[in-house]
Structure formats: C-alpha cells, structure tokens
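Residue numbers (the numbering used here), protein chains in the order written: chain A, 1 to 293; chain B, 1 to 247.
To be clear, the hints were calculated from the coordinates, so they are not data collected in a lab.
Don't take every hint at face value.
[Unchecked claim] Residues of chain B placed beyond 12 Å of chain A at every Cβ, according to the derived structure: (1) D64; (2) E95; (3) P127; (4) D161; (5) L166; (6) D224.
[To be verified] Have a look at the derived ranges for each label pair, beta carbon to beta carbon: (7) S44(A) - E129(B): 19 to 27 Å; (8) L127(A) - A210(B): 30 to 38 Å; (9) I185(A) - G49(B): 25 to 33 Å; (10) G121(B) - L56(A): 47 to 55 Å; (11) G31(B) - I142(A): 57 to 65 Å; (12) I114(A) - H188(B): 50 to 58 Å; (13) P104(B) - G158(A): 53 to 61 Å.
Backbone N, C-alpha and C define an ideal beta-carbon position, used for all residues, glycine too.
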Amino acid sequence: MNAFSNTAAVAPGIPYTSDERGLLPPAAKPRRTGTRRRLTLGRSIPFGALIGPALLLVVWSVGSIAGVIDPRTLPAPWSVVETAIDLIAEGKLQDHLQTSAWRAAQGLVFGVLIGTTLALISGLSRLGEAIIDGPVQIKRAIPTLALIPLLMLWFGIGEGMKVTTIALAVLIPIYIQTHSSLRSIDSRYVELARTLRMGYGEFIRHVILPGALPGFFLGLRFAVTYAWLSLVVVEQVNATSGIGYMIDLARNYGQTDIIIVGLVVYALLGLVCDGIVRFFQERSLSWRRTLAD
Amino acid sequence: MASHLGGLNGAPVVRVDSLVRRFGPRTILDGLSLDIEKGEFVALLGRSGSGKSTLLRALADLDDKVSGSGRLETPDKKSVVFQDARLLPWKRVLENVVLGLERPDAAERGRVALEEVGLSGRENAWPVELSGGEQQRVALARSLVRDPELLLADEPFGSLDALTRLRMHDLLRQLCARHQPAVLLVTHDVDEAVTLADRVLVLDHGAIAADIVIDVPTPREHGDRRFGEIRSKLLRHLGVETSVLPV
Numbered sequence: 001m002n003a004f005s006n007t008a009a010v011a012p013g014i015p016y017t018s019d020e021r022g023l024l025p026p027a028a029k030p031r032r033t034g035t036r037r038r039l040t041l042g043r044s045i046p047f048g049a050l051i052g053p054a055l056l057l058v059v060w061s062v063g064s065i066a067g068v069i070d071p072r073t074l075p076a077p078w079s080v081v082e083t084a085i086d087l088i089a090e091g092k093l094q095d096h097l098q099t100s101a102w103r104a105a106q107g108l109v110f111g112v113l114i115g116t117t118l119a120l121i122s123g124l125s126r127l128g129e130a131i132i133d134g135p136v137q138i139k140r141a142i143p144t145l146a147l148i149p150l151l152m153l154w155f156g157i158g159e160g161m162k163v164t165t166i167a168l169a170v171l172i173p174i175y176i177q178t179h180s181s182l183r184s185i186d187s188r189y190v191e192l193a194r195t196l197r198m199g200y201g202e203f204i205r206h207v208i209l210p211g212a213l214p215g216f217f218l219g220l221r222f223a224v225t226y227a228w229l230s231l232v233v234v235e236q237v238n239a240t241s242g243i244g245y246m247i248d249l250a251r252n253y254g255q256t257d258i259i260i261v262g263l264v265v266y267a268l269l270g271l272v273c274d275g276i277v278r279f280f281q282e283r284s285l286s287w288r289r290t291l292a293d
Numbered sequence: 001m002a003s004h005l006g007g008l009n010g011a012p013v014v015r016v017d018s019l020v021r022r023f024g025p026r027t028i029l030d031g032l033s034l035d036i037e038k039g040e041f042v043a044l045l046g047r048s049g050s051g052k053s054t055l056l057r058a059l060a061d062l063d064d065k066v067s068g069s070g071r072l073e074t075p076d077k078k079s080v081v082f083q084d085a086r087l088l089p090w091k092r093v094l095e096n097v098v099l100g101l102e103r104p105d106a107a108e109r110g111r112v113a114l115e116e117v118g119l120s121g122r123e124n125a126w127p128v129e130l131s132g133g134e135q136q137r138v139a140l141a142r143s144l145v146r147d148p149e150l151l152l153a154d155e156p157f158g159s160l161d162a163l164t165r166l167r168m169h170d171l172l173r174q175l176c177a178r179h180q181p182a183v184l185l186v187t188h189d190v191d192e193a194v195t196l197a198d199r200v201l202v203l204d205h206g207a208i209a210a211d212i213v214i215d216v217p218t219p220r221e222h223g224d225r226r227f228g229e230i231r232s233k234l235l236r237h238l239g240v241e242t243s244v245l246p247v
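Input sequences plus hints: build the corresponding full structure.
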C-alpha cells in the first residue's frame with residue numbers, strides 16, 4: 001500500500017508503475033505464519049507419555065549389550081524380566097504386592113478421609129481453622145519419616161504403625177490443597193448464593209464442595225505418590241513382607257535384579273494409581289476449559 | 001424490613017426512606033428516598049462513584065458489612081442480575097437456572113424459563129460453552145424462574161457487545177411485559193435507560209438529582225425528538241453538555 005501511494009505521487013495517473021509489467025498492483029507481503037509460535041500446546045501426541053520411558057529403556061538395553069553397564073551395577077532389562085517371571089512363578093511377587101497394596105490402600109483411605117474432613121472443618125469455620133490449621137502445619141513441617149521411631153513406640157511394629165505412617169503422610173497434601181481451593185472460591189459465588197437464598201446445606205453442596213474439588217484432586221494426586229513413598233520406608237524399616245521387604249532382603253544378598261524388579265513394580269503402581277486419579281479428575285472436572293484442552 | 005405491602009392500589013413495592021450508607025469517612029448514600037411502584041421499570045443513572053451500586057446492594061440485602069441508617073422496605077421475592085452472568089461453572093445450564101429453587105416442578109419451570117430466553121436445547125451445556133450474551137440470558141432465566149416482584153439489575157449488559165446489547169434490550173422488555181416485576185436497572189448508558197425505563201433517576205453525590213418520567217411511546221426510536229430531548233436533559237444532569245441532535 002505504501003509503495004503504491006509513493007509511486008502514485010511521483011507519477012500521477014499511472015497507478016501501477018511499481019509493477020515491472022505494469023499489470024499488477026504491488027502484492028502485500030505474504031504473512032509468515034509458519035515460524036510464529038502458537039500460544040496453545042497444539043495437538044496431543046498419541047501415546048506421548050510413553051516416549052520418554054521407551055527412550056530410557058533403549059539406552060539401558062544398548063548399554064547392557066555394549067557392556068558399558070556392569071550387570072552387578074544394573075542388570076540388563078531381559079535378566080530383570082527373567083527374575084520377575086521367576087518371582088511370579090514362585091508366587092512371591094504376588095504375595096508381596098498384595099501386602100503392600102493393602103497397606104497403601106488402607107493408609108490412603110484413612111488419610112484422605114481425615115484430610116478432607118479436617119480441610120472442611122478448618123475451611124468453613126474460623127474456630128475450626130484456629131484449632132486445626134496450626135497442628136496440621138506443624139505436622140507438615142515434621143518429615144513423616146522422622147515420626148517413625150515415635151510411631152513404633154506407640155503402635156508397635158505391626159500393621160497399625162505402617163498404616164498410620166502412610167495416613168499421616170497422605171492427609172497433608174489433601175488438607176493443604178482442599179483447604180486452599182475451598183478458601184479461594186470466588187466471593188461473587190457466595191454473594192450469588194445469598195441472593196438466591198440458598199440454605200447452608202445447599203451452599204455447601206452446590207458451591208463449596210464442587211468449588212473445592214479441583215484442589216482435592218490435586219491433593220489426591222500428591223497423596224497417592226506420598227502413600228507409595230511412605231510405604232517404601234515403612235517396609236524397609238521393619239517388615240517381614242511386602243515389596244519393600246523384598247527389596248531390602250535382596251540388598252542383603254546383593255541381588256540387584258530383584259531390587260530392580262521391586263523398583264519397577266513401585267513405578268508401575270505409582271503410574272497406574274496416578275492414571276486412575278487423573279481419569280476421575282477429568283471426568284469430575286469436565287466443566288473446566290484449560291490450556292490442556 | 002422485607003415486608004411487602006402490595007395489594008392496595010399503587011402501594012409501592014420498594015420504599016426507601018432517608019437511606020444513609022458510609023464507607024469509612026465517605027458518605028456514599030446521603031439521605032436517599034425512593035419509592036418504586038408495582039411493575040414499574042426504573043433506570044438508575046449516575047457517574048462512577050455516585051452510589052448506584054451501593055443502593056442496589058442495599059436493596060439486595062448484600063450490604064450487611066456497611067454502616068448506615070434509614071428505612072428500607074423490599075419484597076421477599078426479589079432477584080439480582082449482576083454485570084457478570086455469575087453462573088456456577090461446575091453446574092450445567094439448567095442446574096444453574098434452578099439453583100436453590102426448592103419446589104417439585106423446579107426442573108420443568110427451569111426449562112420453560114430457558115425457552116423464554118431462547119435457550120431451549122442448551123439445558124445440558126456447561127456455562128463455558130456459551131457466549132457472553134447467552135450466559136447473561138441464562139442469568140435472566142435464573143432470575144425470572146423465581147417470579148420476582150422486584151428485579152435488581154446491576155449493569156447487566158455492561159460487558160456485552162453493542163449488537164448483543166440491543167437484542168438483550170428487546171428480550172428484557174418482553175420478559176418484563178410478561179412477568180411484570182418492578183425493575184431497578186443500574187446503568188451508565190443513557191440510551192439504554194431511556195429506551196427501557198418508565199422512569200429514569202439520576203444519582204449524584206448520594207442523592208437523587210433528577211427523577212424523569214419517560215413519556216415516549218414504545219417502541220422507542222433513538223431518532224424520536226422527545227427521546228433526544230430527554231437524553232440531553234439526562235446528560236446535562238450527568239455533567240455532559242450536548243446540543244439536541246438534529247433529527
């Protein structure tokens with residue numbers, strides 16, 4: 001456009017002099033869209049989550065074949081698989097897994113229930129907050145693992161101690177995230193509830209609980225990870241069964257392959273649980289539109 | 001408060017007498033008095049900070065943390081339409097409309113209300129899936145499904161584009177003609193006020209500076225001479241000097 005008006009000023013009456021053939025007006029520059037960075041994430045890659053782990057596996061395999069990785073440090077993937085098959089054939093892996101999963105599940109259920117209840121009481125009343133929030137923050141500052149000696153004295157070395165340790169670790173993220181999500185519910189919705197003359201029960205049901213749900217799910221994802229994390233520790237500190245015990249025993253005999261099997265099982269459990277939580281999270285929060293959509 | 005005296009001829013639905021509202025040292029409403037008749041459509045104009053929203057919030061019982069005095073009578077059945085549609089994002093459209101409505105036929109009434117605002121078929125949509133105008137229509141349905149005797153609207157079309165706004169004016173006029181609530185519409189759009197209202201108030205320094213009955217027959221055309229005169233008069237009260245636009 002600029003070129004056009006310039007030339008027109010120089011040679012009035014001959015509008016298209018800027019074009020060599022005198023046929024076309026100067027074309028606008030084509031817009032460069034290819035190199036421009038989009039602000040959305042683009043289409044999601046199918047099975048994208050598997051690419052990173054698959055790469056790791058390739059590096060591990062190649063390293064083992066090439067002899068770069070000493071089998072005493074890290075046995076080859078196939079020998080780990082063989083060990084796993086042996087352990088399953090003997091029925092050991094299933095037994096240990098069952099024990100571990102049961103412990104984690106109990107700890108998780110108690111922790112989530114207690115954490116949610118505390119978050120609601122503390123989130124919905126000033127008195128509740130005054131009583132509950134302080135102790136929870138103190139508990140949060142103490143590493144759960146540091147509590148184990150005390151818990152052992154209180155609960156012995158049985159299942160009670162293990163489940164309690166896991167529940168104590170789990171309730172923290174549930175409490176923190178649910179409480180913060182609940183407290184950050186927009187005051188405009190509170191105002192709306194007042195103009196609609198909602199009762200307190202309705203207000204909790206329609207505004208508070210759904211409003212706190214995103215925080216609860218975020219807390220739950222942390223909680224699941226924490227549950228497995230604490231499980232590892234309690235099983236290695238004092239246990240006679242469970243995946244952690246299996247790993248600890250293998251350490252005594254220098255059986256690296258069994259240790260790896262145990263670690264892989266932990267990883268799979270963690271991922272599967274996270275996947276389950278995410279599945280429910282997406283279903284329950286389908287009203288949201290976020291960057292990920 | 002909140003005792004409705006309707007039934008008698010022309011008994012006002014809203015009675016405000018010497019209302020004072022203060023925020024700290026600032027007096028926002030300074031001895032304001034106002035009556036709104038049954039079914040009357042009142043628009044409230046005023047510059048920013050003139051106390052429009054404070055008055056509306058007082059009428060909506062949303063100002064319990066504000067200090068002040070005065071007498072205030074409003075009906076129990078009243079609804080508020082806010083500037084934002086204020087739909088709960090985690091409730092589907094129909095659930096938003098019947099929110100807090102405790103009656104066995106709530107869902108049915110909700111559907112009828114949605115049909116009235118032209119949104120039948122969108123009952124199960126999420127609020128984020130609607131346009132701004134559609135969201136505000138859901139908010140209107142949510143207000144009307146409660147059969148209000150008083151509809152309080154705080155710049156309800158303020159965030160809509162000009163075309164949507166005109167369509168919403170038509171819709172609001174139709175709905176008010178059918179349901180006959182008394183309306184207090186807070187706005188800073190003079191044309192909107194003159195187009196829709198039976199009576200326009202101008203609020204200035206916490207008191208009513210002008211109270212003008214709009215005697216232009218409906219439907220009102222912006223080009224109408226009387227429309228232009230009222231418009232200029234209102235603008236003068238708002239501190240804007242204009243000449244009457246030539247027709």
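Hints, verified against the model:
Its closest Cβ contact with chain A, about 9 Å, brings D64(B) to no more than 12 Å, contrary to its assignment away from the interface. For E95(B), the shortest C-beta to C-beta distance to chain A comes to about 8 Å, within the 12 Å cut-off, and the non-interface label is violated. A beta-carbon of chain A comes within 12 Å of the beta-carbon of P127(B); the shortest separation is about 7 Å. The Cβ of D161(B) sits about 21 Å from the closest Cβ of chain A, beyond the 12 Å cut-off, so the non-interface label holds.
Listed as outside the interface, L166(B) is consistent with that label: its C-beta sits roughly 27 Å from the nearest C-beta of chain A, beyond the 12 Å cut-off. With a least beta-carbon separation of about 36 Å from chain A, D224(B) lies farther than 12 Å from that chain, consistent with its non-interface assignment. The beta-carbon spacing between S44(A) and E129(B), approximately 21 Å, falls within the hinted interval of 19 to 27 Å. Range check, L127(A) to A210(B): Cβ separation about 50 Å, and the 30 to 38 Å hint is violated.
Taken as a hint, the range 25 to 33 Å holds for the pair I185(A) and G49(B), whose Cβ atoms sit roughly 28 Å apart. Range check, G121(B) to L56(A): about 50 Å between beta-carbon atoms, so the 47 to 55 Å window is met. At roughly 60 Å, the beta carbons of G31(B) and I142(A) sit within the given window of 57 to 65 Å. Checked against the hint of 50 to 58 Å, the C-beta distance between I114(A) and H188(B) comes to roughly 52 Å, which is consistent with it.
Roughly 54 Å separates the CB atoms of P104(B) and G158(A), a value that falls within the hinted 53 to 61 Å.
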